[in-house]
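Protein chains in written order, with the working numbering: chain A, 9 to 725; chain B, 9 to 725.
Keep in mind that the hints were calculated from the coordinates and are not lab data.
Mixed in with the good hints there might be a few duds.
Because identical chains share one entry, a pair is satisfied inside a single copy or across any pair of copies.
[Said to hold, decoys possible] Using 25 Å as the maximum straight-line C-alpha spacing, the simulated DSS-like pairs for lysine-lysine come out as follows:
{"no.": "1", "residue 1": "Lys124", "residue 2": "Lys358"}
{"no.": "2", "residue 1": "Lys22", "residue 2": "Lys603"}
{"no.": "3", "residue 1": "Lys124", "residue 2": "Lys38"}
{"no.": "4", "residue 1": "Lys634", "residue 2": "Lys340"}
{"no.": "5", "residue 1": "Lys653", "residue 2": "Lys634"}
{"no.": "6", "residue 1": "Lys357", "residue 2": "Lys18"}
{"no.": "7", "residue 1": "Lys138", "residue 2": "Lys106"}
{"no.": "8", "residue 1": "Lys707", "residue 2": "Lys496"}
{"no.": "9", "residue 1": "Lys556", "residue 2": "Lys224"}
{"no.": "10", "residue 1": "Lys357", "residue 2": "Lys124"}
{"no.": "11", "residue 1": "Lys707", "residue 2": "Lys425"}
{"no.": "12", "residue 1": "Lys491", "residue 2": "Lys589"}
{"no.": "13", "residue 1": "Lys589", "residue 2": "Lys489"}
{"no.": "14", "residue 1": "Lys474", "residue 2": "Lys547"}
{"no.": "15", "residue 1": "Lys66", "residue 2": "Lys425"}
{"no.": "16", "residue 1": "Lys603", "residue 2": "Lys556"}
{"no.": "17", "residue 1": "Lys18", "residue 2": "Lys425"}
{"no.": "18", "residue 1": "Lys226", "residue 2": "Lys194"}
{"no.": "19", "residue 1": "Lys603", "residue 2": "Lys547"}
2 protein chains.
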Amino acid sequence: MTERATLHQKNLEKIFNPQSVAIIGANQNKGTVPFDIFNGILSGDFNGVIYPVSPGKKNISVIKAYKYVLDIEDPVDLGIIVFPSSVAHMALEQCGQKGIKSVIIISAGFREVGGKGIERERKLLEIAQKYDISFIGPNCLGLINTDPNVRINASFARQMPAAGSIGFLSQSGALCTAVLDYAQAKGIGFSKFVSFGNKADISEVDLMYYLMRDEKTKVILLYLEEVSDGRALMKAAKDVIEQSGKPILIIKSGRTEEGASAAASHTGSLAGSDEICDAAFEQAGIIRCDHIEEMFNIATAFAYEPIPPSNRVAIITNAGGPGVLTTDTAIKEGLQLACFSEETSKVLKKALPNTANINNPVDVIGDATAERYEAAMEAAFQDSNVDGVFVILTPQSMTDIDIIAQKVVDVVQKYDKPVYTSFMGEADVASGIRILQQNQIPHYSLPESMSKAFAVTHQFGQYLKKAPAQRIDMAATDPLKAKEIIQKAIREGKTYLQEYEAIELLNAYGLPVSEGVLVTSEKEAGQMAQQIGFPAVMKIQSSDVLHKVDVGGVQLNVITEEDARRTYHSIISNVQERMPKAKIQGVFITRQIPKGEEVILGLKRDPSFGPVIMFGLGGIFVEIFKDVSFRVVPVTREEVLEMIKQVKAYEILAGARGRSRRDVEAIADAILKLSQLAIDHPQITELDINPLIVLEEGKGCFVADVKVLLTNELEFN
Amino acid sequence: MTERATLHQKNLEKIFNPQSVAIIGANQNKGTVPFDIFNGILSGDFNGVIYPVSPGKKNISVIKAYKYVLDIEDPVDLGIIVFPSSVAHMALEQCGQKGIKSVIIISAGFREVGGKGIERERKLLEIAQKYDISFIGPNCLGLINTDPNVRINASFARQMPAAGSIGFLSQSGALCTAVLDYAQAKGIGFSKFVSFGNKADISEVDLMYYLMRDEKTKVILLYLEEVSDGRALMKAAKDVIEQSGKPILIIKSGRTEEGASAAASHTGSLAGSDEICDAAFEQAGIIRCDHIEEMFNIATAFAYEPIPPSNRVAIITNAGGPGVLTTDTAIKEGLQLACFSEETSKVLKKALPNTANINNPVDVIGDATAERYEAAMEAAFQDSNVDGVFVILTPQSMTDIDIIAQKVVDVVQKYDKPVYTSFMGEADVASGIRILQQNQIPHYSLPESMSKAFAVTHQFGQYLKKAPAQRIDMAATDPLKAKEIIQKAIREGKTYLQEYEAIELLNAYGLPVSEGVLVTSEKEAGQMAQQIGFPAVMKIQSSDVLHKVDVGGVQLNVITEEDARRTYHSIISNVQERMPKAKIQGVFITRQIPKGEEVILGLKRDPSFGPVIMFGLGGIFVEIFKDVSFRVVPVTREEVLEMIKQVKAYEILAGARGRSRRDVEAIADAILKLSQLAIDHPQITELDINPLIVLEEGKGCFVADVKVLLTNELEFN
């Protein structure tokens, strides 16, 4: 953690738990942000002292006002700046002089407006660094801490939300009010609620680390519009999950905005940044949600219920239709319908009428009252084949809705298994739903949402159980040799490597290249071909020749020493004839690669997630089906194997329909080495191995062609 | 339309619009179905007379009761039977004697309980046929007609829903109460609401035709658990859409229940019945919904707003985040963000503050009041580049929610373009949402739902514009010849055709088979091969040989007359040696087919949709990517071309990445002929052309192999 990040963790303590707050720029004009902030804290029953700072005013509401923050006679924990952007830096400077280290800057008019605003934001950061201040914002809605020891609503939200175990962080301020309103209606409580705006100083990553340590927070929710530092976000998520087991749910908007412009290679053209974002989140254990409702559906499951050990659910319903629809989605989400034990079947048969369906989904029939629901729930919870229970209710004229809701509450308390509910309808079932919500039973207006929430919590449980990352063996790599090749090329002003250089580079990292050598005479060609072995392939090497085949610069299937000599001559003549001015480095001879399945490995750099690797099968699979997978490096062997199996065409490698099984382990080795190459040498901007020829199981794979693009910077920090 | 279907249409008039109703089996015991039904009509302010029939009672509530329906002195339009299933048939018999033609049977205990119930249901139908009665049910919840001239709630729903233009038909009774409750809370009204239960007599198809003619109904919604007659459903949907332009929305549950058991051929194993259901619905113009919320989201769009002529939307929001999320889903759903005219940009620039985003999505900023929303809406509606407007609101402290809602209502009335709204949150925005709902402005709690609803209405508009089905030219077919081949095989007890028979069959329908002939001597082989042309292929024909290659029964690349004679001899010897007892019909000689792209055409019969055709590219495309498309026959050329283009691998046929373009029109011809063959000859249960070799554009295609499975029934009705 950087020095400043460590400082933020310290200063965040007083941002969230201040005992004294100066509201700098407070006023009494209703309908303005300064008033709303002041009023929010005042009416929110804050457990501390407020000092309004308002030049020219004697008091704000009934509270004495100060001209400057420096005039306040007592120490101040937290400064909240609501002045216009043009003077915010002066207020921050005075906070520094006063010794206030924790600040929230609500004011807008900074980076988001461009021009002068960018300069103003830079100035804020400068002052903060000078005084070791940490600040949230600018251009934010503020924050809320529901902890009864603090109770601060330093935001322009209309009211203080209920206390709960969900921590919510949002880049969008305007969305916050909608979220608070939504949550209030559903009885969902928050531990901390933060609008972090432009994140000029304290970022979502700092806030995630804070919530990791916060005892009141069980689940972390994040609404993001841009991932500015993808790798830091991934690391924070991994740390939070590993160290605290808290799930992280993120909505990342801008799915259809294409990322960096289409690059020259396949990797570039396929890697829409949103796909990379998906892959990166998955790698880091982050749960990506599509919208607010889905996010809270899943968040309440985590907040209220235990994580299920396995995926077998029992469905109890008083209406067949919704039971079937829920079964459909359960199967689609990868859940299983629990198979009841004989004992359970016996109990259900006894407790339910003859016409009831005692198999899963259990239909207690439209005229069911609370007794039947209770009997079915008890039986399901007691069955060791059941990992969780879905309770569905439709309001028939004889349904005692509230009593059934209370029964759910009562029964659930006796067991350590999750229960999810869906009381369908609205007005008639409202009071029943309220009973469930007040007792922290997850409730979903669509029964189908239960399946999604259960599946996500179950998958997260599986992710927590995963073995920690395995390291790969780096003995086979020669980073110095690789560095030498790259730096030589950059010094020569090249933006890509010659084939023989690229192969040398891969060879330095133990990637399976066909042994090869650059020769510069007929004689040498003969000797080296003999040494390498036949059949051989010979190719012209010239920094002026891009399309070797077009100038007669490639010969396959060279079979004798004599043939190699003759071929050397003919290749050189061909090229000289067609491109008389081409500077020729020589002819590259390699052993011809046997036939096998063609796959593609790619490497590119994403502006926010850094080096990313791509895998896919060659030809139509990549070109037409876009059947590729991505991972952010570094990767574990396990992740690489998952990545390979993730493409649909994997079945071809696995030996589908009478094909021979291919050497998947060898592909994984190659990807791991490529990943290490990407980490060690940031000068490589893109790398495409296309194709990698994969032989039968145990027989390895070979790089048949490789392209490497470079930056022009020699050194990176 | 059958005689009985015509009768149903007549009798449905009095089912929906009775002036007098007998409730047969009424009682006064609260919490029972008979009481709820009686009470529903009584308290629903029915515009007619009720006659309770209740042996042993003098009155029900304050109304005189009758022992038998026959005792009623006046004519009765509608009989509602609520007696137990054991005596329901007697009540129906008496209805017949009384001359009541329109009946609803609420009672349960029929087909759904199996055993005796099936027999009871059959009896009901028998009685109905005897007396020309039409009935809804049994095992249903009844129906509701909100028409102020009728106002009947003959159901056990808790209360009468609001009047509206949505007609709702449900196979599940229990779901109905949840739907009514949901709709009521959202202010959604219904024209007709029917639970049709076991559909022993009147089916969903009859009800669809009724709603087609019903002036109060603009949109038809259907919840189905089983499609018993898929073709009738498709025909009804097509008729309704063509004749009335009313959209049909269906939820069909049971997506994951696999259909008929896996069949031998590719077609069989790929065609999960749910995929066929998807294809069939799409062909018929039916909109398939996944759940109740989606269904009503789309239904209100149709009920309240015009169908947009094109897909360009304007988004107006006071919060950036939801604007971005909505843009994402709009693009994903195939919509375009409208490009504003210069005039619009000018107006927006003037009306909105400097910091506002005047491009689409328009951000009127968090502190926007009704004036800004009004200005932005007016500008968007007036712009001819805009086909519809999405209005998003989040409740900031300065947002005048109700006034903005009223402005939406006022502005919209002036224009003939759809507007959809999303006021995000719950409690704070509730009164604003109510204003929208009362004024029939579609409102969605998730802004993303607006995109889906808009896309669906737009697509339906496009479907309405489609040219009526084109007929194919049947001159080239020889159905009698085909019938002869099929019947001969069935008479011989075969369940599949020999290759030469299958090829003759395809030839009779003008499918592009390679010319071929069955020869039975060396001499004939030489002559015929000469006549057909070289290179030729020769194959053994024997009903005892399944795997021709394995017994040395196939020879490719026969190049001279002499070669053909020699090959005849060697094939016969090979087979005789390996299978001495095999009965040999001869050797089949065809012209060898040139190389081309391989595609697969399949034909199978679905238990509810009948003959279905399949298309896909050969090899891995079908085997691994399951990249196939289905259509229910008959099909138009346009549908076939769509079907071909629907598979992802189509790009290969279209000449992607430097490949040559293939003869797609020839494939379409072949599929159309196959479709006709399927219609004309129901004895074909499965047919696989695998592969069909497709040559370059304009050069046609050839059947390389074909398998035909038959039933053992000679004649079909």
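To see whether the hints hold, each was checked on the structure:
In this homomeric assembly, Lys124 and Lys358 come within 25 Å of each other (Cα to Cα) only across copies, at 22 Å, whereas the closest approach inside a single copy is 77 Å. When the C-alpha separation of Lys22 and Lys603 is checked against a cutoff of 25 Å, the pair qualifies neither within a copy, at 66 Å, nor between copies, at 76 Å. In this assembly of identical chains, Lys124 and Lys38 lie within 25 Å of each other by CA distance neither inside one copy nor across copies; the values are 29 Å within and 74 Å between. Taking CA atoms no more than 25 Å apart as the test, Lys634 paired with Lys340 passes in both settings, with 23 Å inside one copy and 17 Å between copies.
Both within a single protomer and between protomers do Lys653 and Lys634 lie at most 25 Å apart by alpha-carbon distance, with minima of 15 Å and 17 Å respectively. Proximity of Lys357 to Lys18 under the C-alpha cut-off of 25 Å is found in neither arrangement, the shortest distances being 61 Å within a copy and 45 Å between copies. For the identical chains of this complex, Lys138 and Lys106 are intra-copy neighbours only, at 13 Å inside a copy versus 98 Å across copies, given an alpha-carbon limit of 25 Å. Taking the closest pair of Cα atoms, Lys707 and Lys496 never come within 25 Å of each other, the shortest separation being 34 Å inside a single copy and 55 Å across copies.
In this assembly of identical chains, the alpha carbons of Lys556 and Lys224 never lie at most 25 Å apart, being 65 Å within a copy and 74 Å across copies at closest. Proximity of Lys357 and Lys124 under a CA criterion of 25 Å is satisfied inter-copy only: 21 Å between copies versus 75 Å inside one chain copy. In the homo-oligomer, the alpha carbons of Lys707 and Lys425 never lie at most 25 Å apart, since the shortest distance is 48 Å inside one protomer and 65 Å across protomers. With identical chains, the CA atoms of Lys491 and Lys589 are never at most 25 Å apart, being 30 Å at best within one copy and 74 Å at best between copies.
For the homomeric pair Lys589 and Lys489, neither the shortest alpha-carbon distance inside one copy (31 Å) nor that between copies (72 Å) is at most 25 Å. For the identical chains of this complex, Lys474 and Lys547 are neighbours neither inside a copy (47 Å) nor across copies (57 Å), given an alpha-carbon limit of 25 Å. With identical chains, the CA atoms of Lys66 and Lys425 are never at most 25 Å apart, being 59 Å at best within one copy and 55 Å at best between copies. For the homomeric pair Lys603 and Lys556, the shortest alpha-carbon distance inside one copy (21 Å) is at most 25 Å, but the shortest distance between copies (30 Å) is not.
In this assembly of identical chains, the alpha carbons of Lys18 and Lys425 never lie at most 25 Å apart, being 38 Å within a copy and 55 Å across copies at closest. For a Cα distance limit of 25 Å, the shortest separation of Lys226 from Lys194 inside one copy, 18 Å, qualifies, whereas the shortest one across copies, 34 Å, does not. Within a single copy, Lys603 and Lys547 get their C-alpha atoms as close as 19 Å, which meets the 25 Å cut-off; across copies the closest is 32 Å, which misses it.
When held up to the earlier numbered hints, the structure conflicts with 2, 3, 6, 8, 9, 11, 12, 13, 14, 15 and 17 and fits the remainder.
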